[in-house]
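Chemist: What follows is each chain in one-letter form.
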Amino acid sequence: MRSYPILFGYRDMVAGRDFVAFVATDGRALCTREADGFWLYGVDPGSIAGGGESVEEAGRALKESYLSALFDIAAEAASFAAFKKEVERFFAERNGPNEAMWEAAHALVKSGAVDGDAVAGSLPRKDAALCPRGIRIEQVDTEHRDASQHRFNTFVQQEYAEAA
Amino acid sequence: MTSSGTIPLKDVWKMLDAGAHGSAPAERIHNWEVRYNQKTYYRLPLGKHGKRKNPAIQIGHVRNLVRFFEIDACAKGQLEQLR
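Listed in order, the protein sequences are those of chains A and B.
Letter 163 of the first sequence, counting from 1, is numbered 463 in the working numbering, and no numbers are missing.
Letter 13 of the second sequence, counting from 1, is numbered 28 in the working numbering, and no numbers are missing.
Be aware that a few hints might be false.
[To be verified] Simulated crosslink set (DSS-like; lysine-lysine; CA at most 25 angstroms straight-line): (1) K426/A x K385/A; (2) K29/B x K54/B; (3) K29/B x K91/B; (4) K68/B x K91/B; (5) K54/B x K363/A; (6) K54/B x K385/A; (7) K29/B x K68/B; (8) K426/A x K410/A; (9) K68/B x K384/A.
[Claimed, not checked] Computed Cβ-Cβ distance ranges for the label pairs, DEER-style: (10) Q53/B x R445/A: 25 to 31 angstroms; (11) E357/A x I44/B: 32 to 38 angstroms; (12) E356/A x I44/B: 39 to 45 angstroms; (13) A88/B x E364/A: 26 to 32 angstroms.
It is worth saying that the hints were derived from the structure and are not from the lab.
Glycine included, every Cβ here is placed at the ideal spot set by N, Cα and C.
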């Protein structure tokens, strides 16, 4: 099965018990064409996955997987501090085997071996070296609610890119 | 997405009992959260139609869980769908 190294950037607001948090995640996923369609497997964070008949559908499923994990963590957290700590742990727990396959797939892209490929052509490419991975969690000031707290996803024009 | 690539949740629990002995699943609002060996897998879905006794779990989610806990050899011995 051919796999592809994917970068993603998500920007979301999540509500919990007496807090609202802004969560910005820049992570990695491995895209693989399996017998039942395309799958995106999380590298960091490593405990999410999403599948679909197309890469786009798999991307939507991965986002749902990611958000549902955040929603569960928010539901359990007694405070913003507890939520932040658990989400940082969620992001830090990598999927080692997926990471090894991601690195191998990335090396193939860098060598030019997958140019012209249908999957590679469906996503923009971004230099992985210029896309630092990480997570940022900020408490939204709910005492001063106004539209200035909205954030755009400046990662790419869409949430996903192929790592180059 | 085809429905052929699924594994009954009961079989996933049996596989974890064998390959990740001592793992602890906890039901959350959207997912099963599984803790094992000081790691937490946050996103094993409850099933396509929400909470059910033995829902079918898409193979991709099980494959990712198995990789996360690095229990490939045992999991493949327990679940023929992963071979």
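Chemist: Which earlier hints can't be squared with this structure?
Modeler: 1, 9, 10, 11 and 12
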